[in-house]
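S.K.: Let the sequences and hints guide you as you build the complete structure.
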Amino acid sequence: MASLSSPLRVCRGILKELRAIQGQSYKQSLAYNYVIDQFRKNKVTGERYCRAQQEAHHASLTYLCLLASTRNHLALHNLYHGKGERSPEEVAGLVGLRVPTQPGGKGWEK
Amino acid sequence: MFRGIARLQSHFGGFISHSKVCSRHQQYRGALKYSTASTERKRFYQDVSISQGEGGLFEVNLDKRKLKTPNGQLFTVPNEALAIAVATEWEAQKDTIKFYTMHLTTLCNTALDNPTQRNKDQMISAALKFLETDTICYRVDEPPGLVELQKNEWDPVLHWIEDRYNVTIGSSSSILGPEIPEETNDTFRQHLSSYTLWSLTGLEFVISQLKSLVLSLALIDRHLSVDQAVLLSRLEEEYQIQHWGNVEWAHDYDMYELRARAAAGALFVHLSSESSTVKRKLMQD
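Chains B and R, in that order, give the protein sequences. Start counting the first sequence at 87; every next residue gets the next number (the working numbering). Start counting the second sequence at 57; every next residue gets the next number (the working numbering).
It is worth saying that the hints were derived from the structure and are not from the lab. One or more of the hints may lead you astray.
Take a look, some chain R residues computed to stay more than 12 Å from chain B by CB distance [stated by the list, open to error]:
hint : residue
1    : Leu113
2    : Asp119
3    : Lys122
4    : Lys124
5    : Pro134
6    : Asn170
7    : Pro171
8    : Glu238
9    : Gly301
Here are the simulated lysine-lysine pairs, DSS-like style, with alpha carbons at most 27 Å apart [said to hold, decoys possible]:
hint : chain 1 : residue 1 : chain 2 : residue 2
10   : R       : Lys98     : R       : Lys120
11   : R       : Lys176    : R       : Lys207
12   : R       : Lys124    : R       : Lys98
13   : R       : Lys185    : R       : Lys150
14   : B       : Lys102    : B       : Lys113
15   : R       : Lys267    : B       : Lys113
16   : B       : Lys113    : B       : Lys127
17   : R       : Lys150    : B       : Lys102
18   : B       : Lys127    : B       : Lys102
19   : B       : Lys169    : R       : Lys150
20   : R       : Lys150    : R       : Lys176
21   : R       : Lys185    : R       : Lys267
22   : R       : Lys267    : R       : Lys207
23   : R       : Lys150    : R       : Lys98
24   : B       : Lys169    : R       : Lys185
25   : R       : Lys98     : B       : Lys102
26   : R       : Lys98     : B       : Lys113
27   : R       : Lys176    : R       : Lys124
28   : B       : Lys113    : R       : Lys122
29   : R       : Lys122    : R       : Lys150
30   : B       : Lys113    : R       : Lys120
31   : R       : Lys267    : R       : Lys176
32   : R       : Lys150    : R       : Lys120
Far from chain R by the CB rule (all over 10 Å, computed), these chain B residues [to be verified]:
hint : residue
33   : Lys113
34   : His159
35   : Pro186
Positions of the beta carbon are idealized from the N, C-alpha and C atoms, including for glycine.
M.R.: Set out below in structure tokens:
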């Protein structure tokens, strides 16, 4: 558990993700108030070993991971998987080729 | 080898082509039902809120209407944190509702509707079945780099769980896997019987994602973070990536999906099993 990053960083990470989800008005959202509330309540007040605090920390880290991974997954999904089948031109472009254009010249004149 | 395949094909030609048609047909039908395009609905609501209904259960409201499960039941969750997390998922949907990104909602629906109609004992048995084929119990003999990596990364977790639950699991490089004594199963069964149906739903989800009971319990018991558990679950893949390179649209895509699902499952277990401790702490303040 020593490897976990500091609660403040996790808190800011979660708020950043919430802003990415809800835009400018994220401060009015339920989640924002709840997260701020929880972090205030679980602040460390002494050097005492506190099991509940670690639990809260682990949960917040898990939630941050959920939000960040969902966002990244959706971004990759939209980039690579969300568009259905590619056209032949696009497929050729993927490997750096171009589909030959209609040849002109002999035999094609009208 | 190729000749062998060609011969096989000419021999079973009719059968193979037939089965191919079948599977493609099924795939097409499956695609119609489950494709991303058809599972996305237009976002039909403006704001999302939560409210506390009768019995202290929390509900999620879309505009003025109450959210319901696919089975038509009222969507209720045992505590505020889970309700807020679910509401945030609904708020996160932009123009269309993408159900495949809403893991917590899905888990709540599963727990509420219990579509497989199983009881706790059956769910525990299903979870314990993964122990026989647990990812971190099966080791490779070669290449040496991967053997070393599995030993260094997986052994500490295995030792941790053996100490924590006072059981024997062991690892093996044979295809039959390690011999797991009956007492180990009994211990885990006893431990899991203290879980609620909701927590078991979450736990089973995590296990089926990480393909490992050991890693899942380490995650639920807060011995590992989600990132660590996912890394350990994908150890061989990570090793191969180091050799052959990373492909964003396959490796990263899978990794983020796995992380999101494992995180959702772990959070679901914690939030659904620990409502009482959270409540008590809030009242003290």
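S.K.: For every hint, state whether the structure bears it out.
M.R.: How the hints compare with the structure:
1. Leu113: holds, 17 Å
2. Asp119: R:Asp119 is indeed farther than 12 Å from all Cβ atoms of chain B, at 15 Å.
3. Lys122: holds, 16 Å
4. Lys124: For R:Lys124, whose nearest Cβ neighbour in chain B is about 20 Å away, the distance exceeds 12 Å, so it holds.
5. Pro134: holds, 15 Å
6. Asn170: holds, 23 Å
7. Pro171: holds, 23 Å
8. Glu238: holds, 32 Å
9. Gly301: The claim stands: R:Gly301 keeps its Cβ more than 12 Å from every Cβ of chain B (closest is about 16 Å).
10. R:Lys98 - R:Lys120: holds, 17 Å
11. R:Lys176 - R:Lys207: Measuring from Cα to Cα gives roughly 35 Å; hence the hint is violated.
12. R:Lys124 - R:Lys98: Holds, at roughly 17 Å.
13. R:Lys185 - R:Lys150: It is violated: about 39 Å lies between the C-alpha atoms, which goes past 27 Å.
14. B:Lys102 - B:Lys113: holds, 11 Å
15. R:Lys267 - B:Lys113: Judged against 27 Å, a Cα distance of about 38 Å means the pair is violated.
16. B:Lys113 - B:Lys127: The hint holds at about 18 Å.
17. R:Lys150 - B:Lys102: holds, 17 Å
18. B:Lys127 - B:Lys102: Satisfied, since the Cα-Cα distance of roughly 20 Å is no more than 27 Å.
19. B:Lys169 - R:Lys150: Holds: B:Lys169 and R:Lys150 sit about 17 Å apart, inside 27 Å.
20. R:Lys150 - R:Lys176: Violated, at roughly 37 Å.
21. R:Lys185 - R:Lys267: holds, 11 Å
22. R:Lys267 - R:Lys207: Satisfied, since the Cα-Cα distance of roughly 18 Å is no more than 27 Å.
23. R:Lys150 - R:Lys98: holds, 9 Å
24. B:Lys169 - R:Lys185: Violated - the C-alpha atoms of R:Lys185 and B:Lys169 are around 38 Å apart, more than 27 Å.
25. R:Lys98 - B:Lys102: holds, 26 Å
26. R:Lys98 - B:Lys113: Roughly 25 Å between the alpha carbons, so the hint for R:Lys98 and B:Lys113 holds.
27. R:Lys176 - R:Lys124: holds, 24 Å
28. B:Lys113 - R:Lys122: holds, 24 Å
29. R:Lys122 - R:Lys150: holds, 20 Å
30. B:Lys113 - R:Lys120: holds, 22 Å
31. R:Lys267 - R:Lys176: holds, 20 Å
32. R:Lys150 - R:Lys120: At roughly 19 Å apart (the allowed maximum being 27 Å), R:Lys120 and R:Lys150 satisfy the hint.
33. Lys113: Per Cβ check, B:Lys113 is outside 10 Å of chain R; nearest 13 Å; holds.
34. His159: violated, 4 Å
35. Pro186: holds, 27 Å
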